[in-house]
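Chains as they are written, first to last, in the numbering used here: chain A, 137 to 538; chain B, 26 to 411; chain C, 265 to 527.
Among the hints, a few may not be true.
Derived BS3-like pairs: lysine-lysine, alpha-carbon spacing no greater than 27 Å straight-line [stated by the list, open to error]:
1) B:K65 with A:K267
2) A:K290 with B:K65
3) C:K396 with C:K409
To be clear, the hints were calculated from the coordinates, so they are not data collected in a lab.
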Amino acid sequence: MTLRDAAPSTPLSGQRGSGSSWLYDPTIRGIVFQVLLVVGLALFGWWVVHNTIVNLRAANIASGFDFLSTRAGYDIAQKPIDYTIDDTHGRAFLVGLLNTLVVAAIGVVLATVLGFLVGIARLSPNWLLAKVASVYVETFRNIPLLLQLLFWYKAVLSVLPGPRQGLALPMGSNLSNRGLIIPRPVIGEGFELVVGAVAVALAAAFGLSRWARARQMATGQSFPSGLAGLALVVLLPTFAYVLAGMPITLEYPELKGFNFAGGLVLKPEFMALLLGLTIYTASFIAEVVRAGVLAVSHGQTEAAYALGLRPSRTLRLVIVPQAMRVIIPPLTSQYLNLTKNSSLAVAVGYPDLVAVFAGSTLNITGRAVEVIFITMSVYLVISLLTAAFMNWFNARVALIER
Amino acid sequence: MTDVASPGPDARSAIYVRGTFVPPSPPPGSTVGPFGWAHKNLFSSPFNIAATILTALFLAWVVPPLLDWLIFDAVWTGENREACLPVDGREVGACWAWVQAKFGQILYGRYPLDQRWRVDLTALLFVAGLVPLAIPKVPYKRENTILMLTAFPVAAFILLYGGFGLPVVETALWGGLLVTLVVAVTGIVASLPLGILLALGRRSKLPIVKTVSVIFIEFWRGVPLITVLFMASVMLPLFLPSGVNFDKLLRALIGVALFSAAYMAETVRGGLQAIPKGQYEAAAAMGLGYWQSMRLVILPQALKIVIPGIVNSFISLFKDTSLVLIIGLFDVLGIIQLNFSDANWSAPTVPATGFVFAAIVFWIFCFGMSRYSQYMERRLETGHRR
Amino acid sequence: MTNIAAEDLSADRSKMTVGSQVAVEMIGVNKWYGEFHVLRDINLTVRKGERIVICGPSGSGKSTMIRCINRLEEHQKGQIIVDGTELTNDLKKIDEVRREVGMVFQHFNLFPHLTILENCTLAPIWVRKMPKRQAEEAAMEYLAKVRIPEQAHKYPGQLSGGQQQRVAIARSLCMNPKIMLFDEPTSALDPEMVKEVLDVMISLAESGMTMLCVTHEMGFARQVANRVIFMDQGQIVEQNDPEAFFTNPQHERTRLFLSQILH
């Protein structure tokens with residue numbers, strides 16, 4: 137596919153010979169070329185807009201964004217905020233956006249955990265573990281995400297037995313074709329105390345670690361701040377929880393008739409999307425992590441060992457800080473990919489932004505241009521924010537070189 | 026001189042000349058052979074032993090049921106759903122009989138039976154053109170590339186769609202692997218020239234050219250493909266003068282090509298950046314103009330470097346083609362899903378079988394291409410070192 | 265190979281004394297990489313204050329041998345006793361030995377994400393449990409000794425190769441090692457930077473440090489070493505004091521090697 141042997145005798149631009157000299161002035165040429173480009177683009181844009189207006193008028197479709205404040209008239213299966221069929225398309229948009237953000241946020245956390253585990257397992261000196269991890273990566277990143285989503289949804293979750301014969305899990309949880317039902321935490325009086333305790337414990341643990349670090353720097357004595365901090369974070373809220381009269385109770389799901397009452401229901405659509413996004417993205421994150429660690433040269437480890445640093449310290453003080461610089465930019469773009477891929481929700485019926493807004497709202501209102509414009513803008517904003525973060529991060533951590 | 030040279034208790038260590046060379050001997054048994062290997066890779070430390078045991082337990086938990094389902098309990102032959110129904114407690118695994126029955130559709134969709142030779146011939150031409158291109162040693166790369174980019178598309182279009190005496194087969198009848206490959210190959214081929222132009226534009230010194238390229242690239246990279254496909258299928262007809270109407274496949278192709286052109290541009294830009302500044306300077310010093318130096322010096326080198334990147338883009342595009350089922354086209358995955366509703370073959374394990382089969386098809390293509398891309402990468406690396 | 269004229273390197277041999285205590289003892293050491301027998305029957309006794317230069321063709325096992333001394337490489341047969349501690353699989357003993365043995369690498373291996381000063385204080389703080397201020401004071405002292413105190417707050421990437429290697433020496437010295445290992449410390453350097461590194465190594469030798477250097481700087485060997493070891497095919501072929509080694513090599517293989525590197 138190379139163009140290497142293209143004949144060298146045919147000039148592509150600028151014939152020699154007669155002609156006024158300004159033709160050969162690169163500045164003027166540049167300006168002329170750019171003016172032509174702008175005019176061409178403007179003409180094309182005008183042509184598209186003109187055609188659209190004509191077509192819309194012919195089809196008798198109104199335009200404008202007024203539909204956002206009219207009654208939507210359809211229900212949404214999962215709503216993090218209050219929503220009824222009498223609410224507006226604007227509110228439906230909000231519900232869809234929130235659903236996208238919910239599944240993306242949970243997916244990012246799970247995929248990161250799984251991806252780091254698999255990536256590190258692939259670097260393990262244990263041959264078996266490393267092989268299993270590579271099989272995982274090579275399998276899941278070479279199968280389309282959509283296929284994986286449909287597989288989880290239609291071939292696994294939908295063919296589970298009904299709630300009565302569902303798979304009973306600990307704490308009254310149940311996995312059936314209605315989804316995963318888990319106990320729901322119910323918040324009672326005095327809950328603020330527990331929240332306060334968590335906040336205090338976190339702050340104290342943070343302070344403790346800073347103090348321990350400062351003390352070590354000052355006197356050389358080390359202090360197990362990690363362990364102490366963990367104890368603090370676990371014990372203090374527990375204590376507050378008991379003191380406040382156990383304000384958080386779990387509402388256990390109960391089988392009533394053919395379905396469960398109570399509890400928190402994770403619908404099969406949500407589960408399939410989350411499962412697919414997590415497993416697929418984790419296989420890419422694992423590769424990012426592996427590449428990041430491998431990018432730190434072996435000499436760095438040897439130098440740290442030669443200085444007497446233990447492997448765990450070497451990892452924390454020398455390898456991880458360098459690997460993270462390599463890992464974070466591609467990791468961020470994997471997060472962005474996961475968010476964009478969550479739009480495949482429409483295939484499994486999870487009401488995300490695309491399914492709700494570019495699906496139901498578009499079908500009902502017929503305002504294709506506006507709806508798709510808004511939907512694309514949302515993803516563009518998310519992308520631009522991510523890009524802005526990445527630039528900031530890269531500028532901050534770039535290794536200083538000559 | 027120091028006190029070392031004087032004969033002392035350790036004079037032996039100060040002056041020493043080896044009499045006979047020690048021949049190489051085999052390593053101690055504990056470090057080589059299967060036992061040495063297992064010790065080093067599986068049981069070298071308590072942590073390592075624990076990892077081995079846990080992984081083995083995990084495999085013991087996952088692999089046997091998987092093999093049962095895929096092979097031992099699977100149904101390999103059968104005429105209809107009866108074969109794949111679980112009868113009196115018999116475990117039924119994958120229903121491969123269903124795949125056998127639907128194999129033609131999975132390859133060709135609803136392409137008329139008596140015309141399927143046309144698809145086969147196209148595939149044959151494609152493979153015949155591609156294999157010599159993919160093997161680095163085969164000569165005539167340039168002639169072959171030109172042929173593949175000009176004559177082949179025309180021939181493929183006539184063969185697949187019709188004309189010149191061949192009866193027309195509407196794209197609505199196309200499906201299966203045929204649609205998957207048509208979308209992916211057309212997408213990548215169409216995105217290549219546009220991607221190269223955009224990459225050059227993004228590196229251009231002209232501010233407006235640069236801005237336009239950046240906006241174009243970042244727009245398509247910033248939105249999910251599914252919204253692009255929605256736009257192509259819903260909005261594209263609005264943008265064109267009334268009366269002009271594309272069929273659904275062409276609309277999807279346009280969307281896919283624009284989308285992948287943006288990614289291609291970034292891949293090519295990576296290659297352009299990898300070309301040392303000296304090459305640009307040398308080209309300029311020889312008196313070549315911008316387009317000449319690009320065409321004769323820079324792009325030939327840059328495109329060679331980015332072959333692995335192009336293959337990787339093709340892999341993602343190949344996987345992404347499955348999205349066309351959302352706008353109502355029937356690629357491999359779409360046609361398999363469509364066939365779940367066949368009442369003759371309604372059995373509990375049919376959906377899982379269908380998805381697993383589709384997964385195997387996609388996996389073979391993607392894994393093969395990624396291996397090829399890695400091979401090219403290694404080849405290019407050694408080429409650079411030389 | 266850079267041959268530095270004898271007058272360039274002003275080493276004061278009268279300052280270098282060799283004690284009678286043993287610093288490193290290798291007895292019948294053998295090592296294999298897979299099937300490849302890389303170290304064959306190495307017997308070597310290094311006493312405190314000795315400066316040993318190890319030379320030999322590439323692939324002769326010189327680097328592998330000194331890397332066994334701080335267990336960057338594992339040996340499979342024989343004994344290695346460093347400062348009274350025998351190296352085994354025991355992590356505690358490895359830690360002990362590494363604390364007392366400094367190493368300088370061919371490619372410096374400075375940590376690019378840390379400043380020069382942080383490179384020097386990392387191990388004292390985390391391994392020696394030294395207060396930060398004290399570690400920094402000590403580090404500045406050593407940086408002054410290698411003549412680059414003004415670079416303390418720069419990053420490794422901002423320094424020249426010679427400067428980086430001097431920092432690497434200072435970084436090792438910050439741990440107050442009893443023994444220093446040098447693995448071809450000047451082979452990755454531009455010719456004019458070799459001298460600045462060798463000067464630092466000479467003054468280190470004058471201070472009585474026990475040193476094992478893999479190097480082909482024969483000027484350095486003549487001036488500083490009290491023993492030169494020639495290795496080939498994984499074994500010690502010849503060892504002698506530098507004067508005798510260079511003027512009257514005994515083994516045929518040594519003569520061949522010397523004729524090729526000393527023109």
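Right, here's what the structure says about each hint:
1. Restraint check for K65 of chain B and K267 of chain A: satisfied, since their Cα atoms lie roughly 15 Å apart, inside the 27 Å limit.
2. Pair hint K290 of chain A plus K65 of chain B does not hold up; C-alpha atoms about 44 Å apart against a cutoff of 27 Å.
3. At roughly 20 Å between alpha-carbon atoms, K396 of chain C and K409 of chain C fall within 27 Å of each other, so this suggested pair holds.
In this structure, the one hint that does not hold is number 2.
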